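Student: From first to last, the protein sequence lines are chains X and L. Residues 44 to 361 in the numbering used here are what the first sequence spells out, letter by letter. Residues 44 to 361 in the numbering used here are what the second sequence spells out, letter by letter.
Honestly, the hints are just simulated from the structure, not real lab data. These numbers were taken from a predicted model, which means no experiment stands behind them. No residue lacks a Cβ here, since even glycine has one placed at the ideal position from N, Cα and C. Treat the hints with care, since some could be wrong.
To be verified - Going by beta-carbon spacing under 7 Å, a handful of chain L positions derived as facing chain X:
(1) C70
(2) T163
(3) A308
Claimed, not checked - A few chain L residues that don't get close to chain X, going by computed Cβ distances all over 10 Å:
(4) F55
(5) L139
(6) A182
(7) A235
(8) R278
(9) A280
Stated by the list, open to error - Per the computed footprint, the stretches of chain L lying under chain X, defined by three or more beta-carbons under 8 Å from a beta-carbon of chain X, are:
(10) 71–84
(11) 165–177
(12) 188–194
(13) 287–301
Protein chains: 2
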Amino acid sequence: MSGEFALIARHFTRPVRQAALGVGDDCALLQPTAGQQLAVSSDMLVEGRHFLATVPPERLGHKALAVNLSDLAACGAQPLAFTLALALPRVDDVFLAGFARGLHALADAHGIELVGGDTTAGPLNICITVFGQVPAGQALLRSGARAGDELWVSGQLGDARLALEAFRGQVALGADFDRVRLAMEQPQPRVALGLALRGLASSAIDLSDGLVGDLGHVLRASGVGATLQLAALPRSALLAAQPVALQQQCLLAGGDDYELLFTAAPAQQAAVRAAAASAGVPVHCIGRIDAAPGLRVLDADGQPLPGDWRGFDHFAAP
Amino acid sequence: MSGEFALIARHFTRPVRQAALGVGDDCALLQPTAGQQLAVSSDMLVEGRHFLATVPPERLGHKALAVNLSDLAACGAQPLAFTLALALPRVDDVFLAGFARGLHALADAHGIELVGGDTTAGPLNICITVFGQVPAGQALLRSGARAGDELWVSGQLGDARLALEAFRGQVALGADFDRVRLAMEQPQPRVALGLALRGLASSAIDLSDGLVGDLGHVLRASGVGATLQLAALPRSALLAAQPVALQQQCLLAGGDDYELLFTAAPAQQAAVRAAAASAGVPVHCIGRIDAAPGLRVLDADGQPLPGDWRGFDHFAAP
Chain X
44 MSGEFALIAR HFTRPVRQAA LGVGDDCALL QPTAGQQLAV SSDMLVEGRH FLATVPPERL
104 GHKALAVNLS DLAACGAQPL AFTLALALPR VDDVFLAGFA RGLHALADAH GIELVGGDTT
164 AGPLNICITV FGQVPAGQAL LRSGARAGDE LWVSGQLGDA RLALEAFRGQ VALGADFDRV
224 RLAMEQPQPR VALGLALRGL ASSAIDLSDG LVGDLGHVLR ASGVGATLQL AALPRSALLA
284 AQPVALQQQC LLAGGDDYEL LFTAAPAQQA AVRAAAASAG VPVHCIGRID AAPGLRVLDA
344 DGQPLPGDWR GFDHFAAP
Chain L
44 MSGEFALIAR HFTRPVRQAA LGVGDDCALL QPTAGQQLAV SSDMLVEGRH FLATVPPERL
104 GHKALAVNLS DLAACGAQPL AFTLALALPR VDDVFLAGFA RGLHALADAH GIELVGGDTT
164 AGPLNICITV FGQVPAGQAL LRSGARAGDE LWVSGQLGDA RLALEAFRGQ VALGADFDRV
224 RLAMEQPQPR VALGLALRGL ASSAIDLSDG LVGDLGHVLR ASGVGATLQL AALPRSALLA
284 AQPVALQQQC LLAGGDDYEL LFTAAPAQQA AVRAAAASAG VPVHCIGRID AAPGLRVLDA
344 DGQPLPGDWR GFDHFAAP
């Protein structure tokens with residue numbers, strides 16, 4: 044058995060419990076439930092773009108799966124399984140053991156399993172494809188936002204970007220650094236919330252590229268505009284203590300939040316709060332959907348905020 | 044719209060014809076046929092390992108999908124759709140246009156479509172995940188070979204490796220170089236053959252890492268051994284004209300053949316030949332499965348061939 048295959052077998056092969064066939068043949072075989080649609084998403088993580096070289100391998104394994112599960116959450120899909128393709132500059136057993144531990148721990152937490160993939164030599168690159176299922180016609184899409192809908196977000200925004208700025212030496216956080224670093228390196232996909240929002244939310248997206256950029260996708264797909272209330276954006280006490288310009292950057296264009304941004308009719312407000320409570324995730328109403336195109340950001344006094352807010356662009360300079 | 048998204052939209056977004064939802068939301072949505080299992084495979088291609096920097100982008104787009112379709116073929120699965128995750132060192136429009144052309148041409152030839160994926164900056168890396176479907180219980184697996192079965196291979200072996208040796212300057216091929224280069228850069232996945240072999244073949248695998256290495260996977264999974272007839276291995280006239288040692292290396296440990304290696308009971312021989320004819324692919328019987336473990340390679344005189352034949356290992360030095 045060559046090094047490549049021994050490597051895969053050692054760290055990533057575990058007996059499958061749900062799939063008809065797992066790692067070790069040319070294909071994995073899945074048996075989706077009758078009447079359900081299969082939801083598929085694929086995310087590729089590259090060092091320096093999606094994680095820093097200093098990330099502990101266990102957290103990297105967690106994050107690589109978490110960002111993919113976050114896409115399923117945004118569609119209201121129940122996770123089923125995933126594949127992992129991995130390019131490694133060298134066979135580093137300590138790295139692989141930690142990476143696999145973090146990966147499997149999150150998979151176990153969601154009752155899903157690794158069913159196949161690929162391992163090769165090359166510059167470090169992690170590509171995960173996740174599979175979920177959702178009853179036909181019930182998936183949450185970006186295109187369903189309607190004028191008058193309320194705009195909601197889960198959790199808190201901006202801590203991951205705050206951690207990145209601390210890594211870059213732009214801000215000193217002292218003893219609080221470890222906590223925001225966890226927000227950046229170990230995000231929690233909002234799968235339970237996505238499931239609870241089926242039939243309630245009119246649209247949903249997960250926040251990976253920053254609030255303004257991702258909201259823009261919803262507005263374009265739905266053919267609507269929106270007004271955001273800056274003061275309503277949920278943030279940690281640590282972020283709230285930072286200079287206003289940094290706060291705004293982290294909240295509006297932060298990236299790596301992996302919270303759900305969703306819309307719902309005002310009549311659903313109580314149901315949305317109940318769904319969030321059942322999922323154990325705080326949600327906040329942060330604005331509304333307008334018929335007029337474009338995005339307006341209002342400050343605490345209701346005044347439009349000037350500024351060119353762009354989404355986090357993976358091709359922009361870091 | 045940031046550069047990353049404009050890039051995806053321009054080259055890779057086409058209206059989906061079969062999927063319930065294609066590129067542009069958090070997930071794609073597929074509707075597998077009732078009673079079918081979903082076959083999934085994922086392959087990652089890295090420059091210098093799976094392709095050379097000199098490959099024309101259109102051929103690279105073809106090959107990236109072809110190697111994945113080859114995995115579906117080996118399972119006897121009907122291709123449905125695929126996702127593409129792409130890391131690019133820069134946004135190179137000429138490269139992307141050619142890559143997308145080759146990719147879509149092969150997808151069209153198999154009636155499948157790109158339903159989602161990811162694009163990011165990073166060292167060049169191509170990760171495709173393919174989805175197919177197969178009636179429950181009918182997938183061709185590596186584990187079904189039985190003592191007494193005949194061992195078959197499709198097409199010809201070794202031309203891709205011969206091309207690699209020519210690129211490396213180990214052999215001069217003159218005017219024939221372009222043809223073997225095509226074998227390396229533009230393999231044809233044996234999807235129709237895989238479908239035709241359902242119910243006939245007892246096991247199957249696609250040849251990506253070399254005959255001996257991939258046959259080893261079948262033997263281990265099935266708990267059997269095998270005897271190969273070296274003289275029976277199908278090869279081009281060009282390869283047959285090379286020195287014996289080079290021929291053996293290319294045939295037995297070549298890699299990148301993307302032919303199907305499969306087993307079938309001797310009673311199925313006529314049915315296998317008919318299936319291959321219906322798929323328009325030549326097949327050759329190259330040996331048999333033995334109860335005794337291990338692999339024996341016999342030369343034209345029936346004498347065991349000495350030598351340490353290892354599969355192409357992606358972690359071995361090139």
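Student: None of the hints should be skipped; say for each whether it holds.
Tutor: The hints, checked one at a time:
1. The interface hint given for L/C70 holds, since its Cβ lies 4 Å from the closest Cβ of chain X, which is under the 7 Å cut-off.
2. Hint status for L/T163: holds, given a least beta-carbon distance of 5 Å to chain X, under 7 Å.
3. Look at L/A308: its Cβ only gets to about 20 Å from chain X, farther than 7 Å, so that hint breaks.
4. At roughly 12 Å, the least C-beta separation between L/F55 and chain X is larger than 10 Å, which holds for a residue marked as non-interface.
5. Taking the minimum C-beta to C-beta distance to chain X, about 13 Å, the non-interface status of L/L139 holds against the 10 Å cut.
6. Distance check for L/A182 against chain X: the nearest CB is about 6 Å away, which does not clear 10 Å, and the non-interface claim fails.
7. Annotated as non-interface, L/A235 keeps its C-beta farther than 10 Å from every C-beta of chain X; the closest such distance is 16 Å.
8. The beta carbon of L/R278 is kept farther than 10 Å from every beta carbon of chain X, the shortest such distance being approximately 24 Å.
9. Every beta carbon of chain X lies more than 10 Å from that of L/A280, the smallest distance being close to 30 Å; the non-interface claim holds.
10. With 11 residues having a Cβ less than 8 Å from any Cβ of chain X, the region 71–84 of chain L passes the three-residue criterion, so the hint holds.
11. Judged by the Cβ-Cβ criterion of 8 Å, the region 165–177 of chain L is covered by chain X as claimed, because 8 of its residues qualify and three suffice.
12. Coverage of the region 188–194 of chain L by chain X is violated in this model, with 0 residues showing a Cβ closer than 8 Å to a Cβ of that chain against a need of three.
13. For the region 287–301 of chain L, the stated coverage by chain X is violated: 0 residues have a C-beta nearer than 8 Å to a C-beta of that chain, whereas at least 3 were required.
Of the numbered hints given earlier, the model fails hints 3, 6, 12 and 13; all others are met.
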